[in-house]
Amino acid sequence: MENDKKDMNDNILVVNNLKKYYPVSRLSFGTKAFVKAVDDVSLSIKRGTTMGLVGESGCGKTTIGRTILRLHEVTGGQVLFDGIDLAKIPTRKLRKMRPQMQMIFQDPYSSLSPRLPIGEIIGEAVRDHKIVPKSEYRQYIVKVMKDCGLQPQYFYRYPHEFSGGQRQRISIARAVALKPRFIICDEPVSALDVSIQSQIINLMMDLQEQFGYTYLFISHDLSVVEHISDTIGVMYLGSMVETGDKKLVFSNPMHPYTKALLSAVPVSDPDIKMNRIILKGDIPSPVNPPSGCKFRTRCQSCMKICSEKVPVLKEYEKGHSVACHLYSEN
Amino acid sequence: MWRYVIKRVLLALLILLGVSALIYLLSMLMPADYIDNQTSAALANGSMTQDDVNRLKELYGLADKSFGGIIKSYYSWLISTLSGDLGFSFLYGKPVTEVISDYVWLSFLIALISFVLQTVIAIPMGIKAAVRQYGVYDYTVSVFAMIGTALPSFFLSALLMNVLSIKLGLFPLQGLTSATIVFAKDAHLEIFLDKAWHLVLPITVLTVLGVGGTMRFTRTNMLEVLNSDYIRTARAKGLSENTVVYKHAFRNTMIPLITSLSGMLPGLFGGAMITETVFAIPGIGYMALRATQQGDIPFIMGYNMFLAILTVSGMLISDLMYMVVDPRVKLS
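Residue numbers (this note's numbering), protein chains in the order written: chain B, 930 to 1259; chain Y, 16 to 347.
Calculated from the structure, these hints are not laboratory results.
Where hints are given, some of them may not hold.
[To be verified] Here are the simulated distance ranges between beta carbons:
| no. | chain 1 | residue 1 | chain 2 | residue 2 | range |
| --- | --- | --- | --- | --- | --- |
| 1 | Y | P139 | B | T1020 | 19 to 29 Å |
| 2 | Y | N242 | B | E1138 | 29 to 39 Å |
| 3 | B | P1062 | Y | P139 | 28 to 38 Å |
[Unchecked claim] Partner residues aside, some chain Y positions facing chain B, computed with beta carbon under 8 Å:
| no. | residue |
| --- | --- |
| 4 | R147 |
| 5 | Y149 |
| 6 | D244 |
| 7 | R247 |
| 8 | R250 |
| 9 | N267 |
| 10 | P271 |
| 11 | R343 |
[Unchecked claim] Subject to a maximum C-alpha distance of 30 Å in a straight line, what follows is the list of computed DSS-like cross-link-like pairs (lysine-lysine):
| no. | chain 1 | residue 1 | chain 2 | residue 2 |
| --- | --- | --- | --- | --- |
| 12 | B | K975 | B | K948 |
| 13 | Y | K262 | B | K1017 |
| 14 | B | K1059 | Y | K200 |
Beta carbons: idealized from backbone N, C-alpha and C, even for Gly.
I would like the entire structure built from these sequences, with the hints used as guidance.
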């Protein structure tokens, strides 16, 4: 019990067995099928740190982010934000809490309303939630814009007048203007070109240092995740297959999927002989996932037990857990 | 922008020329012309000879129906039209422009009132239906709106007349004034109320016919906007549902909506031919139908050119409105 309490205070976000299923209609006789976009995922993030969430496209990274903030309704499980279960509280209360947890969306082109000027996009919710007193409103918005590298004269301009990088700065300014404590970044740089990516990443790290934000950083770009994260979660087909301290995961990947992912990271030295693990086949359908371990159809070290039992996430060394039968004897 | 407008106006003139030639040709080729319609009875009972008829046709300019003859008479119509003279209406015995300006305002009044009603009813309905997509409200409203659109106007008119006028006696059956009541000369209010009472049913019919289209249009556009990413952003900001729907979503829906609605404005002058005829309202549509049945070529030409100008300017207005409502659009 004592231990639990300490844990609660240390972690800003604890997710327990989160599930998000989408019903898909089938032609045959009313049998209900579900896409298990997020299937029994647990994770926790310490205050002021960054957790990187990686996995190939379609594995449920984005869905998990949106479900945590309840932009999608939760099918099952707990989302404890500062000990309050977001999955259960009424929407009215949730709305009041929204400023504390913000999201930066993937596509800076479609996530900004084309009919509102920048100042309004950033400031609208600040007014709504009375983040700062009325008299300081204008000054505050200008300050936030400056913090995010936007010039004050952009206040009355419209989103279509900006480049992708600037738009993503607007998205960040919009999120941080609400003085959040926790920000979910859903592939915030994947729509930008590489030189702009580093600017945005550095901006986000600077802001974290200055204001102590906690990030859940969703990405498929491992080098970006390695740069920004403290802990890593690797997802495959809606499940968490490996999670732990960044250094441990990168230096000692345990799950065969993580190994394959890490071996695919490009290295800038052409002389280095890479030992690439090439995964065969496609990601299976999430409507009809393989029995037992979901990864077994593409796994190089597949065993008999893998098709029979679902592997559970177990701590293998301190701060490093993996869900794989290869290690279940230890 | 002015270059764009001038280009469009020049194009419009070309379209009008084509429209006028086509309509002139078609009305000249109608099997029975105005003189035939007027004289067939007299010819049959022998009070007129074929020679008399032919002389009349000569007088009205309807004698030469060969291709060359039609071109010649079209040319003279074009010349006088360009000098601002649309000619005399055969049927009404007055200059065409005078007939149009006498009757267009009643039609415009009816159309304008039903246009406003239709917009005020349809837009909130469309918004609500989109917000509750596939809900009970959405289906109910959609079904009724589509029934309203799908009913032919004469059928709906007849239905309302039968139930509300004949059975229940709530509204007058036809016409614009009560023939059985004699009003004092200075009883302006009573006369006005009497006319308004006569116009309730026609306006209702036109409104019901129009609501479906506008409602579906609003719903479709609203749905598209509601599913866009920036609506999710607005929700993530923790804005209230009303702010999300009306400030963020509806603002963006207004772009196509204003464009299409303003394009409909000139059309309001065109008159509702069928509804006016069924209710015997002396509007421009009713007059035009009678003129067309009788083969009154000057009036047919004048009225159709009027409609063509309204249509062309409606399209131009809706294109220009795009630029006014949407900060991103620059016409070139």
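Item checked: Contradicted hints - numbers only -> 4, 5, 10, 14
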